[in-house]
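Asks: Listed below are the residues making up each chain.
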Amino acid sequence: MLIGKIVGTLVATQKDEKLEGLRFMVVKPVDINGKPGNNYVIAADAVGAGVGEYVLYATGSSARQTVLTDRRPCDATIMAIVDTWEVEGEVKYRKNE
Amino acid sequence: MLIGKIVGTLVATQKDEKLEGLRFMVVKPVDINGKPGNNYVIAADAVGAGVGEYVLYATGSSARQTVLTDRRPCDATIMAIVDTWEVEGEVKYRKNE
Amino acid sequence: MLIGKIVGTLVATQKDEKLEGLRFMVVKPVDINGKPGNNYVIAADAVGAGVGEYVLYATGSSARQTVLTDRRPCDATIMAIVDTWEVEGEVKYRKNE
Amino acid sequence: MLIGKIVGTLVATQKDEKLEGLRFMVVKPVDINGKPGNNYVIAADAVGAGVGEYVLYATGSSARQTVLTDRRPCDATIMAIVDTWEVEGEVKYRKNE
Amino acid sequence: MLIGKIVGTLVATQKDEKLEGLRFMVVKPVDINGKPGNNYVIAADAVGAGVGEYVLYATGSSARQTVLTDRRPCDATIMAIVDTWEVEGEVKYRKNE
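Chains as they are written, first to last, in the working numbering: chain A, 1 to 97; chain B, 1 to 97; chain C, 1 to 97; chain D, 1 to 97; chain E, 1 to 97.
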């Protein structure tokens with residue numbers, strides 16, 4: 001999985017019927033220090049995350065293993081909201097700080 | 001998923017029988033501001049999209065989860081037409097504008 | 001899927017039993033104008049394609065969805081021979097021209 | 001698979017129910033000589049590895065084939081702790097040295 | 001699939017039970033002329049290959065389709081030993097030459 005920051009949303013009304021009810025978020029992968037880069041991915045939200053939050057997202061077939069995304073044509077899913085991560089003893093991010 | 005702009009079409013009459021009836025589009029992935037790059041992917045169309053439209057496409061095994069692409073040897077599928085997306089409060093694209 | 005040009009062949013007699021009978025082609029992915037780059041992939045041939053032809057190939061689990069490659073340890077398969085593709089109204093390639 | 005060095009941990013309490021009980025590690029892929037780069041991946045731990053250890057991790061659907069990660073939305077899993085590897089007759093790493 | 005040269009071996013005694021009995025090889029992908037680069041992958045060996053040999057390896061879920069790797073958490077498998085490959089009429093490699 002990778003850590004990403006939710007920076008926006010995407011709306012698509014004309015879509016495959018299996019996508020009904022999914023929310024699409026614009027997510028920027030962040031580096032190990034939490035800094036977003038220039039890339040992005042559009043991910044389905046399986047945990048009720050919001051813009052500005054740091055999240056974990058899975059890609060590929062693993063993105064379809066949540067209850068919400070099961071058997072849907074979805075290759076990226078937000079499946080956790082990050083509380084904190086640390087690297088070599090240093091806290092790189094803590095939610096609500 | 002990634003956002004792409006449909007820039008063309010591809011025709012292939014001699015193909016695996018499981019591909020019969022699929023339409024192939026030439027899609028350029030776009031950056032977060034909607035600008036197409038130099039890369040492309042050939043994607044099957046599952047939503048009746050046309051040249052010039054901004055779409056969402058899924059890759060890998062997720063590309064086979066639409067009704068149209070089920071169990072077909074297809075690794076990229078257009079499964080939604082984008083209405084709009086916004087990043088940090090700014091609308092980056094709106095259909096028909 | 002990506003468009004590739006078949007530039008060669010590969011022979012391997014000592015292999016997993018599930019690979020028996022597959023033909024392996026050396027394929028160079030081409031850019032949107034049809035120009036081959038320096039990369040290559042070894043793909044199984046599911047459509048009777050030959051050296052010099054432009055083809056579509058699928059990768060990952062989708063490469064196993066043809067009748068020929070079903071349940072085989074094969075992650076790239078040629079599943080169509082390209083007749084033509086066009087980008088923004090311009091024909092980039094036409095077979096037999 | 002790739003070799004990685006575990007450099008940290010990540011905590012996420014609000015997550016898809018299928019992720020309950022998994023431990024998330026921050027892993028830096030290393031080069032063939034064992035040197036970590038700037039990239040990272042968040043991997044589930046299936047073998048009881050700890051910070052500082054060199055491990056093998058699998059990605060994609062293969063990451064779900066351990067007993068611990070079966071059918072979970074997890075696309076990277078640590079499934080072995082490395083004892084040693086050698087390249088062209090030279091030992092590049094040995095555990096506990 | 002890609003062509004790789006086996007350059008070493010890796011030993012891991014503490015691992016997921018489903019990996020028991022697999023041999024892990026250090027493989028360098030080679031370019032179309034057979035020259036190894038700086039990248040590597042750790043692949044399971046399904047054909048009894050040895051250090052110094054040129055092999056074909058599959059990645060992703062296709063790496064689990066050999067008899068040896070079925071349902072194991074393994075995302076790269078050597079499934080053929082290369083005898084020869086040629087590009088545009090030129091033999092790039094022949095075993096035992």
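The reader is advised that the hints may include incorrect statements.
Just so you know, same-sequence chains aren't split out, so a pair can sit in one copy or run between any two.
Derived pair list, reagent style DSS-like, types lysine-lysine, alpha-carbon separation capped at 25 Å [what the hints assert, rightly or not]:
{"id": "1", "residue 1": "K95", "residue 2": "K18"}
{"id": "2", "residue 1": "K35", "residue 2": "K5"}
{"id": "3", "residue 1": "K35", "residue 2": "K18"}
It is worth saying that the hints were derived from the structure and are not from the lab.
Asks: With reference to the structure, classify each hint as holding or not holding.
Replies: Cross-check of the supplied hints:
no.: 1; hint: K95 / K18; verdict: between (33 Å within a copy, 22 Å between copies)
no.: 2; hint: K35 / K5; verdict: both (9 Å within a copy, 21 Å between copies)
no.: 3; hint: K35 / K18; verdict: neither (34 Å within a copy, 28 Å between copies)
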